[in-house]
Amino acid sequence: MIDVAYLVFLIALVWAVIRRRRPWISRVSGAGQQGLRLTAMVLAIAVGSLGCLVIAIQPPGQHGIYRWSGYAVGSTMLVGALLYAIGLVVWLDRSALALPLSGWMLMAAALVVPSTLTLALPIVAAMIVAVANIPSGRGTQRSTLRRPPDGGQGRVTGIGGHFRV
165 MIDVAYLVFL
175 IALVWAVIRR
185 RRPWISRVSG
195 AGQQGLRLTA
205 MVLAIAVGSL
215 GCLVIAIQPP
225 GQHGIYRWSG
235 YAVGSTMLVG
245 ALLYAIGLVV
255 WLDRSALALP
265 LSGWMLMAAA
275 LVVPSTLTLA
285 LPIVAAMIVA
295 VANIPSGRGT
305 QRSTLRRPPD
315 GGQGRVTGIG
325 GHFRV
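With the first letter of the sequence shown counted as 1, position 155 gets the number 319 in this note's numbering; the numbers rise by one all the way through.
Simulated from the structure, these hints should not be mistaken for lab results.
A hint or two may mislead.
[What the hints assert, rightly or not] Pairwise CB distance ranges (calculated): (1) 209 / 231: 24 to 34 Å; (2) 235 / 167: 22 to 32 Å; (3) 220 / 200: 29 to 39 Å.
Where a beta carbon is used, it is the ideal one built from N, C-alpha and C, also for glycine.
Let's have the full structure, built from the sequences with the hints guiding it.
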């Protein structure tokens, strides 16, 4: 079962590297992108919750490096999920690629370590579809100088014609 998780992760990673120049998510409509972001956000919350459980539930009798490795894996999953979620919130900002990518890499690094948690690796592998460099379109907007609807007279009429300037 763990081998299948590694295989799914490897396929998703190769697919992301091959498609990095032309992400398919940029061809999805605005509503589709929002749905994808929402789904990825739910998955990030699930992985972050799993990280919290790993931190909170340590088997009794574990001491030393074993206890600290559990804390390290759990906190890496939690921080990765937070970075990924914040990156999805600032979807069209300059950090729109850096935050989700670093969060995804942290979550993947925590789950690649062979353990029972590795079975959640396909979930993180599926989250790579929302990591894309999407141009914001803010810099490409041009201001168009058009004639105002009142013909340049400077008159504004309110509701029912009561306000005139």
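How the hints compare with the structure:
| no. | hint | result |
| --- | --- | --- |
| 1 | 209 / 231: 24 to 34 Å | holds, 26 Å |
| 2 | 235 / 167: 22 to 32 Å | holds, 27 Å |
| 3 | 220 / 200: 29 to 39 Å | holds, 30 Å |
Checked against the numbered hints above, the structure violates none of them.
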